[in-house]
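Protein chains in written order, with numbering that gives the first Met the number 0: chain P, 0 to 348; chain G, 0 to 509.
Don't read these hints as lab results, they were simulated from the structure.
None of the values given here were measured: they were computed from a predicted structure.
Ideal Cβ placement from N, Cα and C applies to all residues, glycine included.
Among these hints, one or two may not hold up.
As the list claims (entries may be wrong) - Example chain G residues on the side facing chain P (calculated, C-beta under 10 angstroms, incomplete):
| # | residue |
| --- | --- |
| 1 | L343 |
| 2 | L404 |
| 3 | L409 |
| 4 | D413 |
| 5 | L420 |
| 6 | V421 |
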Amino acid sequence: MAALGVTHLVKRFAGGVVGVDDVTLTVGEGAFTALVGPSGCGKTTILRLVAGLEEPTSGEVRIGGRDVTWLPPRDRDVAMVFQNYALYPHLTVRDNIAFPLRVRRTAPAEIVRRVRQAAELLEIDALFERKPAQLSGGQRQRVALARAIVREPALFLFDEPLSNLDAQVRAQTRAELVALHRRLGATMLYVTHDQVEAMTMAQTVAVMASGRVLQEGAPMSLYRDPASLAVAKFIGSPSINTVAGRSTGARFEGALSCVLHAAEASGAVLAVRPEHLVLGAAADASPATVTLVEPLGPESLVRMRLASGEELVARCAGEAPWHIGDHVRVGVAEGRGLCYRASDGSRLL
Amino acid sequence: MTRVHRRVAMATAVLWAVATIALSWRVLKGIDEAARSREALYRAHASQGHAPSPAFPPSIEASALASVQQEERPLIVHDPDGVELVTAPVKDADDWEIIGAVALYGRWRECALRVAAPAIAVLVVALVLLGSASAARWSRPGITALGGVVAAGAAAALTLSQLQAAAAALAPRLVVPPTLARLALPSPSLAFAALALVLLAAAGALAVSAVHWHAEAAGRPARVRETLAAWGFIAPSLAHLLVFTIAPVGFLVWISVHDWDLLASDRPFVGLAHFREIGADPSFWRALRNGLVYALYVPATMVAALAAALVLDQPLRGIKVLRVVVFLPYVASTVAIALVWQWLLHRDFGLLNAALAAVHLPRVDWLGNPATALPALMLVSAWGQLGYMMVVYLAGLQAIPASLLEAARLDGADAWQRFRLVVWPMLRPVSTYLLLTGIIWSFHGFTLVYVMTEGGPAHATDVLVYRIYQTAWEFRRFDVAAAMSVVLCALLLALTALQWRVVKGEPADA
Ligand SMILES: Nc1ncnc2c1ncn2[C@@H]1O[C@H](COP(=O)(O)OP(=O)(O)OP(=O)(O)O)[C@@H](O)[C@H]1O
Ligand SMILES: [Mg+2]
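Kindly produce the complete structure, drawing on both the sequences and the hints.
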């Protein structure tokens with residue numbers, strides 16, 4: 000177990016594409032950090048830089064306090080689980096798991112013991128004699144995990160390991176991975192483009208966009224206090240509602256309006272989570288027409304359109320008493336409106 | 000299995016059996032007409048012979064002689080008792096002038112029955128098979144088709160053995176003077192009979208399985224259409240294969256078991272005599288041994304090609320040009336390569352010897368020395384094949400997912416371990432393919448030997464294909480050459496079968 004520290008990491012590819020743009024990030028010893036962001040934002044590149052599969056243009060990578068920036072992957076003591084699992088197709092499950100120990104010339108008895116241990120932990124000892132081609136996606140995933148943990152590395156890297164699984168197996172594996180993390184107490188850096196995955200699994204989430212880390216923090220703090228409009232939009236499902244308008248300092252004026260305590264007056268965007276929209280007779284309420292009601296069981300999503308054309312979605316508990324075409328009044332729950340500058344998306348309040 | 004299908008299948012079986020019987024009948028008649036018992040042999044006017052056989056009975060002499068002289072071909076006449084006789088002209092030793100006639104009693108009915116018996120058995124078996132074919136059994140196409148094929152094959156084999164037995168029973172009794180040996184009768188064509196029977200059996204099996212397939216696919220028009228379309232697409236190349244590959248091979252086998260002289264008019268069946276001859280011929284074995292040694296260039300070239308591929312797989316500047324350069328010899332004509340290398344290896348003007356001389360080493364007569372000629376040829380072959388093998392290896396390397404090698408790097412494997420534990424096993428199908436096809440091709444290697452050494456010096460580069468060529472076109476022993484070709488063919492077939500097995504045994508990539 001060791002902490003990971005990445006400082007001012009830059010990766011510029013041949014041809015001028017900047018994959019990672021001055022990223023600084025820490026994963027504490029034994030922590031589980033998720034790196035999340037839209038496709039092409041540089042998540043995989045960071046992982047590869049940490050693993051040593053890619054050389055940085057500048058910056059530094061430290062694992063357990065040791066500068067490993069220029070060390071080859073085999074000397075970094077990291078294990079990585081690839082999106083396509085990267086199992087050796089010509090080897091059996093047993094030999095796949097034993098591979099990292101074999102190449103490090105571990106004693107045979109020790110290999111047998113640790114392979115068995117890893118396989119029992121992941122409940123794949125029944126598959127030992129099979130080749131990867133004879134496994135299901137979920138089983139391959141477990142074998143890849145076993146191959147990673149058998150070495151007891153200082154750091155685990157995951158690159159969207161669940162994206163090839165179907166929804167049910169994914170939900171199950173998610174829970175298992177969290178349990179595994181707790182049992183091993185290992186440091187893990189987990190890349191995904193699925194914010195639900197990041198929020199549910201990680202202790203710390205770092206949101207990325209175009210090569211930069213926008214914000215880093217505990218899942219709920221990111222949800223409650225997104226530092227920028229981009230983070231606010233990326234985290235949460237359904238997405239946060241946004242309405243363009245302007246801030247007068249004391250108030251936000253637009254298709255929706257609410258009280259602010261902002262210092263400056265400027266063009267602004269109001270962002271409100273679906274559960275913070277209040278339907279009915281609230282102060283500052285604006286008229287809207289219900290366009291769709293989606294009952295989800297314990298709660299319902301009500302989609303509506305404001306007179307100015309903006310679409311909103313509200314979450315309300317239980318069954319919604321509205322129907323398509325109903326006219327409602329919609330407002331913002333007190334103190335729940337998030338306001339960002341229209342110019343650069345930075346937080347106004 | 001509908002009633003219609005059942006009827007069609009039944010009709011097919013009946014037709015097939017009837018055709019088999021008819022064919023046997025016809026073939027046996029041919030045999031029997033040529034091979035008569037001595038007791039029944041009459042002759043007339045065969046003045047040159049020392050024939051022990053009696054002269055024609057007066058009652059039939061006139062008609063027999065007249066018919067033979069006029070028609071110059073076998074005719075059927077009847078003796079006074081109404082028994083059927085075949086008269087045939089007897090020609091002189093040059094196969095030119097008719098010098099007499101023979102008359103022979105036909106015994107073919109009796110023999111034909113022996114041949115027809117298995118055919119009738121086939122008919123019965125086929126009928127029983129079809130009659131008992133319940134819907135459930137027909138739902139297992141593999142077994143039924145196999146049954147049909149086995150039955151057909153057994154019938155053909157039985158029929159053939161009976162034919163041979165009949166011929167053997169008659170042949171030794173045909174002790175005739177030399178002049179009478181050249182009966183101008185259709186010779187008993189066992190080969191023809193064999194071919195026809197095999198074709199019949201195949202057609203029968205095909206018909207049964209076609210009916211079967213139709214029964215199975217009934218009610219699934221899309222599948223019928225698809226299958227027909229597929230066969231439609233295959234048909235042209237299948238026809239090509241049959242006419243230009245299968246048929247010549249069949250002809251080759253036929254030649255190899257006959258005394259096949261280009262000039263002689265008759266080409267008797269000699270069985271395995273030619274094979275025994277080549278088995279006893281040391282030059283054949285030497286050619287085989289040379290071929291095996293020569294084939295060693297394949298694994299050697301593979302090693303070099305793999306090394307080249309590993310180097311050229313790097314993303315370096317100008318690497319594409321280098322790849323093309325290495326590949327170039329493969330597209331060059333073998334004759335051109337042979338001529339260039341003949342010059343390079345020349346004792347007096349060759350580049351290689353010039354280089355040796357420059358460092359004060361003795362000149363070597365590369366192609367003129369029995370010790371160096373074969374290695375020199377191997378070198379040239381290796382040079383010519385290197386590019387091809389490298390390109391195949393390059394494709395193999397690029398088919399290995401990069402993530403596998405990255406996983407191995409993370410797992411702690413150094414460069415050599417990555418090669419030994421990941422790259423090499425992943426390339427195994429490619430290597431097997433190259434090795435086996437390379438060896439197969441090395442046994443075909445003719446041009447280099449023909450142009451550069453002509454099998455010399457002192458047979459040092461005499462390989463099997465060259466030996467076959469010489470035997471056929473220089474010694475004019477086409478039958479022996481055919482026998483060698485059959486041996487070579489069997490060898491290559493065995494290698495190909497091995498290749499199939501190995502390639503099939505490969506695990507599918509995950
Ligand atoms: N080898 C490379 N050469 C040039 N550009 C690259 C290379 N690898 C990645 N990039 C670029 O760097 C950027 C970041 O890529 P990266 O693979 O890290 O994205 P990602 O966040 O993992 O996306 P995804 O969620 O789709 O996997 C992309 O714009 C990509 O086009
Ligand atoms: Mg990625």
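**Message:** Would the hint on L420 (chain G) be counted as holding, given a Cβ-Cβ threshold of 10 angstroms to chain P?
**Reply:** 7 angstroms, holds
**Prompt:** Is the interface hint for L343 (chain G) satisfied, with its Cβ closer than 10 angstroms to some Cβ of chain P?
**Reply:** Since chain P brings no Cβ nearer than about 42 angstroms to L343 (chain G), farther than 10 angstroms, the hint is violated.
**Request:** Answer holds if the nearest beta-carbon of chain P is closer than 10 angstroms to that of D413 (chain G); otherwise answer violated.
**Result:** It holds, given that the least Cβ distance between D413 (chain G) and chain P is near 7 angstroms, below 10 angstroms.
**Message:** Does the closest beta carbon of chain P sit nearer than 10 angstroms to the beta carbon of V421 (chain G)?
**Reply:** Holds - the Cβ of V421 (chain G) comes within 10 angstroms of chain P, reaching about 6 angstroms at its closest.
**Request:** May I ask you to test the interface hint for L404 (chain G) with respect to chain P, counting a Cβ-Cβ separation under 10 angstroms as satisfied?
**Result:** 9 angstroms, holds
**Message:** Next item in the hint list is L409 (chain G). Is there a CB on chain P closer than 10 angstroms to its CB?
**Reply:** 5 angstroms, holds
Checked against the numbered hints above, the structure breaks only hint 1 and satisfies the rest.
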